[in-house]
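2 protein chains.
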Amino acid sequence: MSKYWSPFVKTLVPYVPGEQPKLNKLVKLNTNENPYGPSPKALAAMQVEIGDTLRLYPDPNGERLKRAVADYYSVQRAVADYYSVQPAQVFVGNGSDEVLAHAFHGLFQHGKPLLFPDVTYSFYPVYCGLYGIEYETIALDDEFQIEVADYNRPNGGIIFPNPNAPTGRVLTLQAIERLLQANTESVVLVDEAYIDFGGESAIALVDRYPNLLVTQTLSKSRSLAGLRVGLAVGHPDLIEALERAVGHPDLIEALERIKNSFNSYPLDRIAIAGAAAAFEDRLYFQQTCQQVIASREDVVAAMTAQGFEVLPSAANFIFARHPGHDAAALAAALREAGVIVRHFKLPRIDQYLRITIGTPEQNQALLDAIAQATQK
Amino acid sequence: MSKYWSPFVKTLVPYVPGEQPKLNKLVKLNTNENPYGPSPKALAAMQVEIGDTLRLYPDPNGERLKRAVADYYSVQRAVADYYSVQPAQVFVGNGSDEVLAHAFHGLFQHGKPLLFPDVTYSFYPVYCGLYGIEYETIALDDEFQIEVADYNRPNGGIIFPNPNAPTGRVLTLQAIERLLQANTESVVLVDEAYIDFGGESAIALVDRYPNLLVTQTLSKSRSLAGLRVGLAVGHPDLIEALERAVGHPDLIEALERIKNSFNSYPLDRIAIAGAAAAFEDRLYFQQTCQQVIASREDVVAAMTAQGFEVLPSAANFIFARHPGHDAAALAAALREAGVIVRHFKLPRIDQYLRITIGTPEQNQALLDAIAQATQK
Numbered sequence: 044m045s046k047y048w049s050p051f052v053k054t055l056v057p058y059v060p061g062e063q064p065k066l067n068k069l070v071k072l073n074t075n076e077n078p079y080g081p082s083p084k085a086l087a088a089m090q091v092e093i094g095d096t097l098r099l100y101p102d103p104n105g106e107r108l109k110r111a112v113a114d115y116y117s118v119q120r121a122v123a124d125y126y127s128v129q130p131a132q133v134f135v136g137n138g139s140d141e142v143l144a145h146a147f148h149g150l151f152q153h154g155k156p157l158l159f160p161d162v163t164y165s166f167y168p169v170y171c172g173l174y175g176i177e178y179e180t181i182a183l184d185d186e187f188q189i190e191v192a193d194y195n196r197p198n199g200g201i202i203f204p205n206p207n208a209p210t211g212r213v214l215t216l217q218a219i220e221r222l223l224q225a226n227t228e229s230v231v232l233v234d235e236a237y238i239d240f241g242g243e244s245a246i247a248l249v250d251r252y253p254n255l256l257v258t259q260t261l262s263k264s265r266s267l268a269g270l271r272v273g274l275a276v277g278h279p280d281l282i283e284a285l286e287r288a289v290g291h292p293d294l295i296e297a298l299e300r301i302k303n304s305f306n307s308y309p310l311d312r313i314a315i316a317g318a319a320a321a322f323e324d325r326l327y328f329q330q331t332c333q334q335v336i337a338s339r340e341d342v343v344a345a346m347t348a349q350g351f352e353v354l355p356s357a358a359n360f361i362f363a364r365h366p367g368h369d370a371a372a373l374a375a376a377l378r379e380a381g382v383i384v385r386h387f388k389l390p391r392i393d394q395y396l397r398i399t400i401g402t403p404e405q406n407q408a409l410l411d412a413i414a415q416a417t418q419k
Numbered sequence: 044m045s046k047y048w049s050p051f052v053k054t055l056v057p058y059v060p061g062e063q064p065k066l067n068k069l070v071k072l073n074t075n076e077n078p079y080g081p082s083p084k085a086l087a088a089m090q091v092e093i094g095d096t097l098r099l100y101p102d103p104n105g106e107r108l109k110r111a112v113a114d115y116y117s118v119q120r121a122v123a124d125y126y127s128v129q130p131a132q133v134f135v136g137n138g139s140d141e142v143l144a145h146a147f148h149g150l151f152q153h154g155k156p157l158l159f160p161d162v163t164y165s166f167y168p169v170y171c172g173l174y175g176i177e178y179e180t181i182a183l184d185d186e187f188q189i190e191v192a193d194y195n196r197p198n199g200g201i202i203f204p205n206p207n208a209p210t211g212r213v214l215t216l217q218a219i220e221r222l223l224q225a226n227t228e229s230v231v232l233v234d235e236a237y238i239d240f241g242g243e244s245a246i247a248l249v250d251r252y253p254n255l256l257v258t259q260t261l262s263k264s265r266s267l268a269g270l271r272v273g274l275a276v277g278h279p280d281l282i283e284a285l286e287r288a289v290g291h292p293d294l295i296e297a298l299e300r301i302k303n304s305f306n307s308y309p310l311d312r313i314a315i316a317g318a319a320a321a322f323e324d325r326l327y328f329q330q331t332c333q334q335v336i337a338s339r340e341d342v343v344a345a346m347t348a349q350g351f352e353v354l355p356s357a358a359n360f361i362f363a364r365h366p367g368h369d370a371a372a373l374a375a376a377l378r379e380a381g382v383i384v385r386h387f388k389l390p391r392i393d394q395y396l397r398i399t400i401g402t403p404e405q406n407q408a409l410l411d412a413i414a415q416a417t418q419k
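The listed protein sequences correspond, in order, to chains U and Z.
The numbering of the first sequence is our numbering, which starts it at 44 and goes up by one.
The numbering of the second sequence is our numbering, which starts it at 44 and goes up by one.
Here chain U stands alone, though its shape is the one from the complex (with noise of 0.2 Å):
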């Protein structure tokens, strides 16, 4: 029936996610949710909003959840030195992944190569495939690590996650900061899915470089992936250019046109309630982002003994290989086990295993799994 299609859909690939398995028995270590659940607090929020006010449109522009991510990113750095981000400089949506797709459309069409490195989220290329956009791949070094120099090239844009993802290896601020300054005239998109569990956000650089956009995600550190709720935050310049922001005519601009252009109300009143209350419940968020920080070092430790090379990870997964083992048959092996990682049939990582931090629980089943698989 292809003749009703648009033409460029013929050749479209679209993203796959991780399995969601239906069995509830299985331990899911394969799509970086956290082991614990969302902040009590943000759900008392969200049930306020199951009632009769659910006849209504939610707030198209997010507002109470702007406020929030705003407010929490507004810190005192130092004596005189306090850094405040403003609601109009938030952008939220649907999940990171529509963040994403909007910023691809908004900001990324330029005609010239958009770079990413060569091992990386995957649905970048999907999304360049959606809007028509070139692209180069910059490979890893052969730690893995992203090599800001390699970026100093002619581009439309530069995206890459920070920490990066499958690896889960982390750039500093300095480095990246070094790569705005070499990058002046296109958009550095930083995408901070795994930022909070051990890498410093570049929320902190938005105020000094306008073509800086950071995106951010509900669905790991703050334990909403059932909830799709994603964020981004830039330059008060930038940022408008992503808001229909009346009273802002100058400065009414690139995401929040698209936005308002395909859909004005991606969040619900549920979802906008909970994310903003998530937000406000920094104790819980501190606390399970610690938990799942140690346990990822202990994992790392009893895997590192059990003969696996660990990638140092910044996020809440890791990325390990085991020298006398083919990756595809331990995750098959692990599988049956009854423990589900990830692994990508991919160039350069094809004997790596990405495998999400859960409960200390979880994790002790995955290392017995292992330990078994390892023996035989």
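Derived by calculation from the structure, the hints in this document are not laboratory data.
Any given hint could be a false lead.
Note: identical chains are not told apart, hence a pair may lie in one copy or across any two.
Listed below are the simulated DSS-like cross-link pairs for lysine-lysine, each with C-alpha atoms no more than 30 Å apart in a straight line [to be verified]:
#1 53 with 388
#2 155 with 388
#3 84 with 68
#4 68 with 388
#5 388 with 65
#6 65 with 84
#7 68 with 46
#8 53 with 155
#9 84 with 388
#10 68 with 155
Since we're looking at a predicted model, the values are computed, not measured.
Fit chain Z to the given chain U structure using the hints.
Leaving out everything else, chain Z in the frame of chain U:
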């Protein structure tokens, strides 16, 4: 900062949704929300989702909702005539606006103009701007009706709401069949946002017309504007065009390819559960639709008695003008009296008001405010 924008963003004109006032005291009859709350069963189903499992991604395919929609539209029409809709014929998304966006992107880019009425949903030209689609508007007749014969001209697709918005006028399935028979080479999209208030759904035709796509929303008749859920139903071949359906390699096609290249999880866990339960609760749905329809007839009678010309409506709103009063002035006077209605400053309809049907109490407040305003 526009050097960072993709060039097309510079000329993009976003959609402007109806006002969401922050004052609760206003009688809000401007965005066609349902005056009755969602089904208690839908609320209960959402409650169940507010908990620990929100840490996990939702089903990217929204299978539970697709099943509920398919069941709802699978009916015994006569002895030996069971009309079956399969879940694979259903596509779901974050409001029908998102579903429409994907349809414009995936099905209407053919280098020939998309056709739609001159007076219709004002988001259609916005999508054309977003995806670079050429369009031609076809004038409604003098009674503000769609004349299907006028669409017999070269096109890259046809779209219209049925009932049309903001007029409320409905087409019969016979008229829609004439249009489909005269237009087999491109997609006909029937946007049924308001169908449950007095029209007959074209979903009854999807098995016979491979180029028919029908979209619906849960924001109106299902009272879930605050939850953001929409859907499309089509011929198995057309919908599987929309599905990245593993196991249907020949039919992996348009809308679902787009969706899976844009955002794998457009519906959150709460939305899937609530929307499915809303479709399952037929009794509540029928009762509330009947109440709205009965109220509409009361309002039409009362406004006609007050000197208004009211177009015949099959929707949950009416489109009316008063020969003796300017519509913009009337809208302003109603607002001052605490009643918000929608006025479009657009050719042909700038003397009309679009008024959502509310509860009997809200409708009385409207009629009182009108009486006061027209006596001035």
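30 Å Cα threshold - placement of residue 155 relative to residue 68: neither (48 Å within a copy, 53 Å between copies)
Residue 68 and residue 46: within-copy, between-copy, both or neither at 30 Å Cα: Cα proximity of residue 68 and residue 46: none, with 44 Å in one copy and 52 Å across.
Alpha-carbon proximity between residue 68 and residue 388, which holds within one copy, between copies, both or neither at 30 Å: Classified as within; 26 Å inside a copy, 59 Å across copies.
Intra- versus inter-copy proximity for residue 84 and residue 65 (alpha-carbon distance at most 30 Å): both (28 Å within a copy, 24 Å between copies)
Identical-chain pair category, residue 388 with residue 65, by Cα at 30 Å: within (23 Å within a copy, 52 Å between copies)
30 Å Cα threshold - placement of residue 155 relative to residue 53: both (24 Å within a copy, 18 Å between copies)
Same-copy or cross-copy closeness of residue 84 to residue 388 [CA-CA at most 30 Å]: neither (40 Å within a copy, 44 Å between copies)
Alpha-carbon proximity context of residue 84 and residue 68, limit 30 Å: For residue 84 and residue 68, the Cα distance is within 30 Å both inside one copy (28 Å) and across copies (29 Å).
Intra/inter-copy verdict for residue 53 and residue 388 if alpha-carbon distance must be at most 30 Å: Within one copy, since 24 Å is at most 30 Å while 40 Å is not.
Within, between, both or neither: residue 155, residue 388 at alpha-carbon 30 Å: within (29 Å within a copy, 41 Å between copies)
Violated hints for the displayed structure, listed by number in ascending order: 7, 9, 10.
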